[in-house]
Structures are given as C-alpha cells and as structure tokens.
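> Spelled out from the first residue to the last, the chains are:
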Amino acid sequence: MEKNSIQEGTLTPTKEQKFWMYRNMLVSRFLEESIEQIYLEGKKPVFNMAAGPIPGEMHLSNGQEPCAVGVCAHLQPFDVVTATHRPHHIAVAKGVNLNRMVAEIFGKATGLSGGRGGHMHIFDADVNFACSGIVGQGMGPAVGAALSRKMQGKEGVGVAFIGEGAVNQGAFHEAMNLAAVWKLPFITIIEDNQWGISVAKSESTAVPDNSVRAQSYGIPGYQVRDNDTYEIFKVAGEAIERARKGGGPSLIEIETYRLAGHFMGDAEGYRPPGELDGLKAKDPIKVMRARLGSEEGLSDEQNDRIVAEARATVEAAVNFARESAYPSPEEALEKVFV
Amino acid sequence: MAVAVTIPTNLWEEDSEAVITSWLVSDGGTVTQGQLVAEIMVEKVQHEVRAPASGTITIGQPAEAVVAKGAEIGSIA
Amino acid sequence: MNEQVRTVAANERRLTIARAMAEAIAQEMRTDPSVFVMGEDIAKLGGVFGNTRGLLEEFGNERVRDTPISETAFMGAAVGAASDGMRPVVELMFVDFFGVCFDAIYNSAAKNAYFSGGNVKVPMVLMTSTGGGYCDAGQHSQCLYATFAHLPGMKVVTPSNAYDAKGLMTSAIRDNNPVIYMFHKGLQGMGWLGTEAGATVHVPEEAYEIPFGKAAIVREGSDVTIVSVGMGVHHSLKAAAKLAEEGVSAEVVDLRTLVPLDRDTVFNSVAKTGRLIVVDEDYKSYGVTGEIIATIAERDVSILKASPQRVAYPDIPIPFTRPMEQFALPNPDKIISAYHNLKRARTWRWL
Chain A
1 MEKNSIQEGT LTPTKEQKFW MYRNMLVSRF LEESIEQIYL EGKKPVFNMA AGPIPGEMHL
61 SNGQEPCAVG VCAHLQPFDV VTATHRPHHI AVAKGVNLNR MVAEIFGKAT GLSGGRGGHM
121 HIFDADVNFA CSGIVGQGMG PAVGAALSRK MQGKEGVGVA FIGEGAVNQG AFHEAMNLAA
181 VWKLPFITII EDNQWGISVA KSESTAVPDN SVRAQSYGIP GYQVRDNDTY EIFKVAGEAI
241 ERARKGGGPS LIEIETYRLA GHFMGDAEGY RPPGELDGLK AKDPIKVMRA RLGSEEGLSD
301 EQNDRIVAEA RATVEAAVNF ARESAYPSPE EALEKVFV
Chain B
1 MAVAVTIPTN LWEEDSEAVI TSWLVSDGGT VTQGQLVAEI MVEKVQHEVR APASGTITIG
61 QPAEAVVAKG AEIGSIA
Chain C
1 MNEQVRTVAA NERRLTIARA MAEAIAQEMR TDPSVFVMGE DIAKLGGVFG NTRGLLEEFG
61 NERVRDTPIS ETAFMGAAVG AASDGMRPVV ELMFVDFFGV CFDAIYNSAA KNAYFSGGNV
121 KVPMVLMTST GGGYCDAGQH SQCLYATFAH LPGMKVVTPS NAYDAKGLMT SAIRDNNPVI
181 YMFHKGLQGM GWLGTEAGAT VHVPEEAYEI PFGKAAIVRE GSDVTIVSVG MGVHHSLKAA
241 AKLAEEGVSA EVVDLRTLVP LDRDTVFNSV AKTGRLIVVD EDYKSYGVTG EIIATIAERD
301 VSILKASPQR VAYPDIPIPF TRPMEQFALP NPDKIISAYH NLKRARTWRW L
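Residue numbers (the numbering used here), protein chains in the order written: chain A, 1 to 338; chain B, 1 to 77; chain C, 1 to 351.
It should be emphasised that the hints constitute simulated quantities derived from the structure, not laboratory data. One should not assume that every hint holds.
[Stated by the list, open to error] Here are the computed lysine-lysine pairs in the DSS-like style, where the Cα-Cα straight-line distance is at most 27 angstroms: (1) Lys343(C) x Lys242(C); (2) Lys334(C) x Lys335(A); (3) Lys44(B) x Lys44(C); (4) Lys15(A) x Lys234(A); (5) Lys214(C) x Lys121(C); (6) Lys280(A) x Lys44(B); (7) Lys343(C) x Lys305(C); (8) Lys234(A) x Lys245(A); (9) Lys334(C) x Lys305(C); (10) Lys111(C) x Lys214(C); (11) Lys334(C) x Lys272(C); (12) Lys69(B) x Lys44(A); (13) Lys284(C) x Lys335(A); (14) Lys284(C) x Lys214(C); (15) Lys234(A) x Lys150(A); (16) Lys282(A) x Lys15(A); (17) Lys284(C) x Lys343(C); (18) Lys238(C) x Lys343(C); (19) Lys234(A) x Lys154(A); (20) Lys111(C) x Lys121(C); (21) Lys44(B) x Lys44(A); (22) Lys286(A) x Lys15(A); (23) Lys214(C) x Lys305(C); (24) Lys44(C) x Lys280(A); (25) Lys43(A) x Lys69(B); (26) Lys238(C) x Lys43(A); (27) Lys334(C) x Lys242(C); (28) Lys234(A) x Lys183(A); (29) Lys272(C) x Lys305(C); (30) Lys43(A) x Lys44(B).
Kindly generate the complete structure, drawing on both the sequences and the hints.
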C-alpha cells in the first residue's frame with residue numbers, strides 16, 4: 001500500500017492519505033478480529049492459555065487504529081518506531097511484512113523471528129519496527145535511534161508508542177529529559193486507553209492530561225481528545241515535521257479506547273457497565289467511513305471493494321501462517337549470539 | 001437424604017461450559033454447609049462452588065471434567 | 001526432616017497456592033496492623049495470579065493498594081516503609097520486570113541492615129510470579145531464582161505446594177529481613193495456566209510457620225537423589241513414579257528455600273544414594289544446579305558414585321513458539337534420561 005510523501009505545511013490529510021489511513025485501519029481491525037477467533041481455537045471449553053494455534057498472551061488493538069495511522073501516515077521506512085505489548089495496529093501502519101508478522105504470531109519458522117519472539121516481540125529491521133513486553137522499555141531505544149541519526153547526519157525520527165500507564169514509569173521521565181536536553185528528533189505517542197489492566201487512569205496518574213508533563217522537559221505537548229484520526233494526523237504531522245527540522249522532541253497523548261479487554265480472556269469486571277457499548281457506537285472505522293463518504297464521495301460499492309481487499313490481505317497472511325511449518329525444536333538454541 | 005452438589009446456574013450468562021479446575025476437599029471428606037468445595041473456570045473466569053449442606057461428600061466428576069450449568073458434580077449425605 | 005500435617009478425609013480442606021498465599025497474608029493482617037499490601041492489580045482484581053483474593057474486601061484500600069505501573073517508586077517505597085516500622089507485602093507482577101526496580105531490591109532492601117550494623121531493619125516481602133511453559137515468551141516466563149539467590153542480604157523462598165506456600169508466607173511476613181517469595185505461575189491453581197493437582201493440598205486453617213532453610217524430603221528413596229524447587233519438584237515426583245516402575249527408588253528433595261539453603265539435607269541424601277540429579281527451570285549456567293553440585297563436591301566428592309547430572313533450562317532467551325519452548329523446559333522424561341546417564345557413567349573406585 002502506497003502513500004504519498006508528506007506535503008510540507010499540510011495539516012489535513014490529502015485524499016490519498018485518507019484512503020491510506022482507512023485501508024490500514026481496516027487491515028488492522030480485520031487482523032485483530034481474525035486473531036481473536038483463532039486465539040480461541042483449542043481454548044474452548046477449557047481456557048488454557050497454552051493451547052491452540054496461537055498460545056500465550058494476546059493484546060488486541062481494536063479501537064486504537066487512529067493512533068497508528070494518524071502518526072505513521074507521516075513516517076517512512078527509515079523512521080524508527082518502538083511499540084508495546086499491544087503492537088499490531090502500529091506494525092501494520094508502519095509497513096511491517098504482514099505475512100511474516102502473522103507467521104510470527106503463530107510461532108512458525110517463516111515468522112519474523114522464526115517463532116522466537118511471538119506477538120509481543122515483533123521485530124522488522126526493514127522498516128525499523130520493534131516492540132517489547134516490558135512497560136516503558138521502548139522509550140530509551142527510540143531516543144537512541146534519534147540520537148544515532150542526529151550524530152550521523154542521517155534523516156529519520158524516533159517514535160516511541162507507549163500506553164498511559166507507562167508514563168508513570170521512571171524510564172519515561174529519563175528518556176524524555178534526555179531527548180529534550182540533547183534536542184533529539186524524537187516523539188512520544190501516548191495511547192491513553194484509560195485502563196492499566198484493572199486500574200483506571202484516574203486512580204494511577206496524578207494528572208488527567210499527560211500532555212502537561214511536556215512542560216517538565218521544556219517541549220511542546222498535545223492532548224488529542226476522543227480518538228480523532230484527523231486531529232492525530234494534524235498534531236503528529238506538526239511534531240514530526242518539527243523533529244525533522246531539528247526542533248527537538250514533542251509529547252502527544254491521544255485519548256483512545258480499547259474495544260477488547262486488556263488481554264484475551266480478560267473478563268473486564270472492572271469496567272463500568274455500559275462503557276463498552278458507548279465506545280462501540282463511536283468506532284473510529286465507522287467514523288472514517290462516514291468521513292470518506294461525505295468528503296471524498298466514497299460509494300458503498302467502492303467501499304465494499306476496499307473492505308474486500310483488506311479482508312483478502314489479512315486472509316492471505318493468516319493462510320500463509322497456517323500453512324507454514326513450525327521450526328524444529330533444536331532451533332531454540334540458535335541465534336542467541338550473532 | 002443426599003443433597004446434590006451442582007454447578008450454579010447464576011454465575012455467568014451464556015450457556016458456556018465450565019471446567020472443574022480444583023476439588024478442594026477429598027472424596028469421603030467431611031464438609032460443612034457453605035464450605036468452599038471446588039473451583040470451576042468458565043472461559044478465563046474462576047468461580048466457587050460451595051457445599052449446599054453439611055455431611056460427607058462424594059465426588060462425582062473429577063478435576064478437569066467439563067460440566068454444564070446445573071450439572072451434578074457430587075453429593076453430600 | 002519436616003513434618004507435613006496430612007489429614008485424610010475428615011476435616012481435609014485443600015487450597016490452591018493462590019488461596020494459601022492470600023490466606024496467610026490475611027491472617028497476618030488481622031493480627032498485625034503494620035502489614036499492608038501493594039502492587040499492580042492486587043486490590044480490585046485480587047491479583048493477576050489470584051494471590052491477594054479477598055484482601056481489599058476485608059481490609060480496605062488503605063492497607064491494600066493498587067499502584068501505578070511504577071515499580072521503581074513502589075519498591076523503593078516498600079523499603080522506606082519497612083524501615084519505618086511497617087511490614088509491606090509488595091508484588092512484582094512478573095519476576096521478569098525486576099529490571100526496572102532492582103536497585104531498590106538488591107542495593108537497598110538487601111543491604112540496609114548490613115550497612116546500618118543491624119540497626120535498620122527492612123521487613124518486607126516481595127512476592128513475584130515465575131515460570132513458563134505456556135508460550136508467554138522471553139520477558140514473561142523466567143524463573144531467575146539464581147539472580148536473587150546470588151546476591152547477599154535477601155532470603156529467597158520457592159513453594160511447590162499450598163501447604164508450604166502458606167507456611168512460608170507466614171514466616172516471610174514475620175521475618176525481619178527482606179524475603180523474596182517466588183511463586184510459580186503454573187502451580188497457582190489458576191486453571192487458565194493449566195493445573196498441577198499435586199500443588200493443591202490440605203492446608204490447616206490456623207496460622208503456622210515453616211522455617212526457612214529446611215528442605216523437605218517429599219519422596220524417600222535409595223538409588224538416586226533428585227533435588228529441585230517449584231515446578232521442578234512436580235516433574236521430579238512424576239519421574240520418580242516412572243522410575244519406580246523400572247525398579248529404581250528415587251528420593252526427591254524439595255529445597256523450599258534457596259536462601260537460606262539447606263545443604264545438610266541435600267548432602268545427607270546424596271550420601272545415602274550416591275547419585276544426584278538437580279532440576280531447575282532457571283537458566284543452567286551460574287545457578288541453582290551448580291550450587292547444589294558444588295555443595296556436594298566441596299564437602300566430600302567421594303560420596304558420589306557418578307558425576308551429578310543437571311536438568312536445567314538452556315542458556316537462551318525463552319522462545320515463544322511451542323516446539324522450542326517445550327524443547328527447552330525441564331520435564332520428567334529428561335530427568336529419567338539423566339538417571340540413565342548416571343547409570344551408564346563410569347563408576348568411580350576410591351582407593
């Protein structure tokens with residue numbers, strides 16, 4: 001999927017960029033829905049996490065697509081992105097090889113890491129994407145990538161996607177300060193989905209709006225409300241442009257929502273009743289579809305084609321994964337050192 | 001007269017089955033009414049099964065058995 | 001040798017390790033107002049692994065506190081509170097997360113009593129989940145027993161069953177030193193992580209302590225000593241049952257605590273059997289298996305009829321995919337193979 005390069009000074013997406021974002025949101029969502037179903041294979045009636053074609057933990061990004069596409073619309077393969085235990089939507093938008101990513105999630109030999117990493121440890125060096133299961137761990141490396149580019153006089157920015165819970169980690173503070181002091185081309189994207197497993201943001205975080213913390217580092221901070229794809233696009237575009245021009249780091253917090261639980265199997269007893277239904281009503285993909293209809297005249301027929309294409313892309317990746325072989329067990333001993 | 005120990009029907013909404021993850025008393029053991037006798041799991045959620053009466057319990061379904069709502073898993077006499 | 005109270009049938013009440021831990025904590029909290037609990041998702045949720053179930057309801061949110069994702073802060077805070085007369089029980093959700101807060105643990109909690117000549121005490125319990133086997137990959141499946149046991153100043157306990165879990169937790173809370181309480185996720189009784197029936201055993205209702213530094217002989221035998229902790233104990237018992245079919249009598253030792261380590265029980269067992277297998281889900285090199293073997297070797301290597309064998313995790317990051325993870329994990333078959341290796345080895349003759 002191609003997208004145009006950024007037009008300087010553009011604060012609203014071009015038609016191409018809108019469609020690029022929409023397609024990526026669809027692929028992302030269909031991927032998560034596919035995984036949701038497949039994950040449960042072998043786990044009924046007994047939910048044993050170790051069972052089935054996708055074992056282990058699973059953290060899905062349904063609802064958080066705007067954060068990924070609104071930011072990655074401005075990024076190139078040479079830009080560096082780090083993400084979290086909830087990485088799929090960001091990986092898709094960053095251009096990670098989908099077949100190999102899904103194969104990795106299935107633990108197959110054709111996966112990005114030959115099955116060694118799984119869903120929380122997706123690495124694609126071709127597009128400079130990496131993620132980790134330790135909260136806040138991605139901050140330092142993204143700052144480091146920014147440092148490296150600056151030192152070498154090479155283009156590229158470092159972007160760390162984190163959750164709002166990670167803002168309360170020491171690693172966040174240190175990385176922000178370092179990036180600011182050294183004026184690095186680095187942006188933090190905080191996906192605030194309001195919940196850290198069972199603990200609400202209001203119970204864990206001293207301020208309701210993390211963008212105010214940017215003042216501690218003398219850098220610009222923004223908070224985007226209500227999961228608005230265009231607003232994310234605008235704000236991220238400004239921040240990335242500033243970083244590219246040597247203007248230093250920025251902090252962006254995005255109020256977003258996760259439509260599924262923290263992890264697959266999460267009974268979500270901690271969520272107030274009715275909260276989830278309210279969120280489903282303003283699904284960002286529905287919102288995007290409506291915008292494309294009114295702004296770009298997207299007809300139902302055209303939309304059906306786009307949707308079908310997105311589904312086919314995901315289906316192809318899932319089939320690739322299913323048909324791929326597992327690695328041989330002894331390969332566990334390889335690749336410890338290079 | 002023996003009292004059946006059954007999977008409660010009011011703990012979860014759907015018709016999903018449960019699995020007995022642990023028996024917390026032995027077959028033939030003495031239990032008191034209200035005592036926790038087993039843990040069951042529905043999808044990923046754990047629930048408790050308590051003794052409906054006091055007496056000697058006979059285990060009907062073993063641990064790891066999959067059971068439906070209302071199923072009898074033991075009896076107390 | 002320890003005495004385990006096993007009451008069959010009458011009054012038998014089994015608990016999962018998760019419930020046993022929660023019960024021990026609750027009983028201490030009832031009698032000692034200085035005990036409080038903090039950690040991530042330990043209040044409303046009762047802990048991701050069930051070990052703080054019921055505490056918020058009984059004691060309220062002053063004494064049962066959900067924290068932000070701020071391990072550096074709340075571990076440090078636990079040290080400070082403990083030094084000031086409180087007895088915090090703090091959870092590190094996965095032992096793998098120790099990297100973000102280890103300074104407070106190994107440099108502060110573990111050393112302050114020493115630095116202060118015994119004047120400052122740090123009576124905190126750090127409870128943390130360990131272990132894999134269900135494809136949670138390299139940052140959520142580690143054991144790291146050796147990492148904590150190696151560094152001076154902290155006690156380390158590793159229960160394999162609910163009876164020990166409760167007694168060790170009670171001892172841990174009452175101990176005036178920092179105690180690292182390392183429970184295995186697969187033994188908690190959580191269902192969604194599989195169940196190990198052998199861990200869910202009778203637990204007396206009253207509070208009781210299990211002394212640290214006392215290993216348990218969980219199966220008596222005469223042909224080989226198998227030493228382990230946590231999940232390894234259950235693998236060892238299964239291997240022993242299989243070996244019995246071959247006419248081999250295996251003695252299984254559950255270390256229960258790594259610091260202090262009951263070297264005498266291990267040595268005496270090996271002196272009896274002459275053969276040693278050590279089983280550890282933690283990485284092989286520089287760990288528990290080496291420590292046990294060194295204990296024998298430095299005391300009296302002549303008690304050995306053959307070179308000791310280790311069944312431990314290879315020195316690799318834990319892989320995600322099932323075939324690789326299962327290849328790497330200790331299991332009963334590997335223990336049985338280790339026994340056959342021992343038998344095939346040249347028997348030493350001592351002049």
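> The structure should be examined with respect to each hint, and the outcome stated for every one.
Structure-based check of each hint:
no.: 1; hint: Lys343(C) x Lys242(C); verdict: holds, 16 angstroms
no.: 2; hint: Lys334(C) x Lys335(A); verdict: holds, 24 angstroms
no.: 3; hint: Lys44(B) x Lys44(C); verdict: holds, 17 angstroms
no.: 4; hint: Lys15(A) x Lys234(A); verdict: holds, 14 angstroms
no.: 5; hint: Lys214(C) x Lys121(C); verdict: holds, 23 angstroms
no.: 6; hint: Lys280(A) x Lys44(B); verdict: holds, 23 angstroms
no.: 7; hint: Lys343(C) x Lys305(C); verdict: holds, 9 angstroms
no.: 8; hint: Lys234(A) x Lys245(A); verdict: holds, 17 angstroms
no.: 9; hint: Lys334(C) x Lys305(C); verdict: holds, 20 angstroms
no.: 10; hint: Lys111(C) x Lys214(C); verdict: holds, 24 angstroms
no.: 11; hint: Lys334(C) x Lys272(C); verdict: holds, 23 angstroms
no.: 12; hint: Lys69(B) x Lys44(A); verdict: holds, 15 angstroms
no.: 13; hint: Lys284(C) x Lys335(A); verdict: holds, 18 angstroms
no.: 14; hint: Lys284(C) x Lys214(C); verdict: holds, 23 angstroms
no.: 15; hint: Lys234(A) x Lys150(A); verdict: holds, 24 angstroms
no.: 16; hint: Lys282(A) x Lys15(A); verdict: holds, 22 angstroms
no.: 17; hint: Lys284(C) x Lys343(C); verdict: holds, 22 angstroms
no.: 18; hint: Lys238(C) x Lys343(C); verdict: holds, 19 angstroms
no.: 19; hint: Lys234(A) x Lys154(A); verdict: holds, 25 angstroms
no.: 20; hint: Lys111(C) x Lys121(C); verdict: holds, 10 angstroms
no.: 21; hint: Lys44(B) x Lys44(A); verdict: holds, 10 angstroms
no.: 22; hint: Lys286(A) x Lys15(A); verdict: holds, 17 angstroms
no.: 23; hint: Lys214(C) x Lys305(C); verdict: holds, 26 angstroms
no.: 24; hint: Lys44(C) x Lys280(A); verdict: holds, 25 angstroms
no.: 25; hint: Lys43(A) x Lys69(B); verdict: holds, 19 angstroms
no.: 26; hint: Lys238(C) x Lys43(A); verdict: holds, 26 angstroms
no.: 27; hint: Lys334(C) x Lys242(C); verdict: holds, 12 angstroms
no.: 28; hint: Lys234(A) x Lys183(A); verdict: holds, 22 angstroms
no.: 29; hint: Lys272(C) x Lys305(C); verdict: holds, 11 angstroms
no.: 30; hint: Lys43(A) x Lys44(B); verdict: holds, 10 angstroms
Of the numbered hints given earlier, the model fails none.
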